[in-house]
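A.B. asks: Working from the sequences, and respecting the hints, build out all of it.
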Amino acid sequence: MISRRTFGAGLALSAFLRAGPSLAQGADPDTLKVALLPDESASTIIQNNQGLKTYLEQGLGKRIELVVTTDYSSMIEAMRFKRIDLAYFGPLSYVLAKSRSPGIEPFAALVSGGQPTYSSYLIANVTAGIARTEDVKGKTVGFGDTASTSSHLIPRALLKNAGLEAGKDYSFQHLGTHDAVARAVQAGHVQAGGLSKPIFTSLVATKSIDPAKVHVVAESRPIPNYPWTVRGDLAPGLKEKIKTTFLEIKDPAILKPFKAEAFSPITDADYDVLRETAKLLNIDLTKVKS
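All the letters of the sequence shown, read from the start, carry residue numbers -24 to -1, 1 to 266 under mature numbering (1 follows the signal peptide of the UniProt record, and there is no 0).
Derived by calculation from the structure, the hints in this document are not laboratory data.
As the structure is a computational prediction, the values presented were derived from the model and not from experiment.
A portion of the hints provided could be inaccurate.
Said to hold, decoys possible - Derived DSBU-like pairs: lysine-lysine, alpha-carbon spacing no greater than 35 Å straight-line:
hint, residue 1, residue 2
1, Lys9, Lys29
2, Lys58, Lys219
3, Lys173, Lys144
4, Lys173, Lys183
As the list claims (entries may be wrong) - Cβ pair distances, simulated, as ranges:
hint, residue 1, residue 2, range
5, Gly105, Pro228, 38 to 48 Å
6, Pro212, Gly105, 49 to 59 Å
7, Arg56, Pro212, 13 to 23 Å
8, Asp186, Glu110, 21 to 31 Å
9, Glu237, Thr182, 11 to 21 Å
10, Asp4, Thr177, 40 to 50 Å
11, Lys232, Asp4, 24 to 34 Å
12, Ser19, Glu141, 33 to 43 Å
13, Gly37, Ala188, 50 to 60 Å
14, Gln26, Val192, 30 to 40 Å
15, Asp4, Asp145, 46 to 56 Å
For glycine and all other residues, C-beta sits at the position ideal for the given N, C-alpha and C.
C.D. replies: Next up, the structure:
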């Protein structure tokens, strides 16, 4: 006769074995929550990306819920606690997210100008007497968010390479967004500033910034572009399907909100340059407020 204890243990083992393969295969939710960069109003971002939503639903056979968090910090935390499944990060905010959630995986980066990279500009007000990076000494510089790649980390590195230390050789202000930096430089509220080259080019093209009042002082080396990331604990087959689906996007209407020509494969190692830059600047990424 089988004892009650043995019978109970057998049931528990049977339940574990039934659950085991499912857990090993990873999560495969019916609805995927896709987080987009909170760089405009949430309603505008969601409306502009309805084409992406439809494309992913058709390609993945899943319901897609577009999510726009209040800021980068909440986006990083949402990925950390698995409240979102895919996220489109800025390069530095990805590195910050990865440091806090090692399981997340980058799989595709924005391609612009035929490359999965972009660059940062150091700009100056034309009346500020700044012709070279070294001329920023004694001036006030506008940076974007502390977690911004091309509006904080990289411009600081450009100045560091010219022998200028933040807070010692020049003062600085964090102004939030890239366009806020450009407008502050144009108005003379700060003498110089750092921002993304594509954003600056767009601001000039739309006549939001007058090139007669602001000029480019320096341009950075190529920076790995904005990555798409996925939760590492999703089912391997689903992750592969997601990657393939993104890499096969060809529709200009879907790519337009990202100012992209396509998406290209990317790995975590491609972002080591940002980690190295942070070390150069003595920035502890674990203490950066995202």
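A.B. asks: Confirm or reject each hint.
C.D. replies: Okay, the hints, checked on the actual structure:
For the given pair, Lys9 sits about 10 Å from Lys29 by alpha-carbon distance, which is consistent with the 35 Å threshold. For the hint pairing Lys58 with Lys219, the CA-to-CA distance comes to about 19 Å; that is within 35 Å, so the pair holds. Simply put, Lys173 and Lys144 have alpha-carbon atoms about 26 Å apart, close enough for the 35 Å limit, and the pair holds. At roughly 15 Å between alpha-carbon atoms, Lys173 and Lys183 fall within 35 Å of each other, so this suggested pair holds.
In this structure the supplied range 38 to 48 Å holds for Gly105 paired with Pro228, their Cβ-Cβ distance being about 43 Å. The given range of 49 to 59 Å is respected by Pro212 and Gly105, whose C-beta atoms sit roughly 57 Å from each other. Judged by the Cβ atoms, the range 13 to 23 Å given for Arg56 and Pro212 holds: they are separated by roughly 21 Å. For Asp186 paired with Glu110, a C-beta distance near 25 Å keeps the hint of 21 to 31 Å intact.
For Glu237 and Thr182, the hinted distance range of 11 to 21 Å is satisfied, since their beta carbons lie about 20 Å from each other. For Asp4 paired with Thr177, a C-beta distance near 41 Å keeps the hint of 40 to 50 Å intact. A C-beta distance of roughly 31 Å is found between Lys232 and Asp4, which places it inside the suggested range of 24 to 34 Å. For Ser19 and Glu141, the hinted distance range of 33 to 43 Å is satisfied, since their beta carbons lie about 42 Å from each other.
In this structure the hint that Gly37 and Ala188 lie 50 to 60 Å apart at CB holds, the actual value being about 53 Å. For Gln26 and Val192, the hinted distance range of 30 to 40 Å is satisfied, since their beta carbons lie about 36 Å from each other. Our hint of 46 to 56 Å for Asp4 and Asp145 holds, since their Cβ atoms are close to 53 Å apart.
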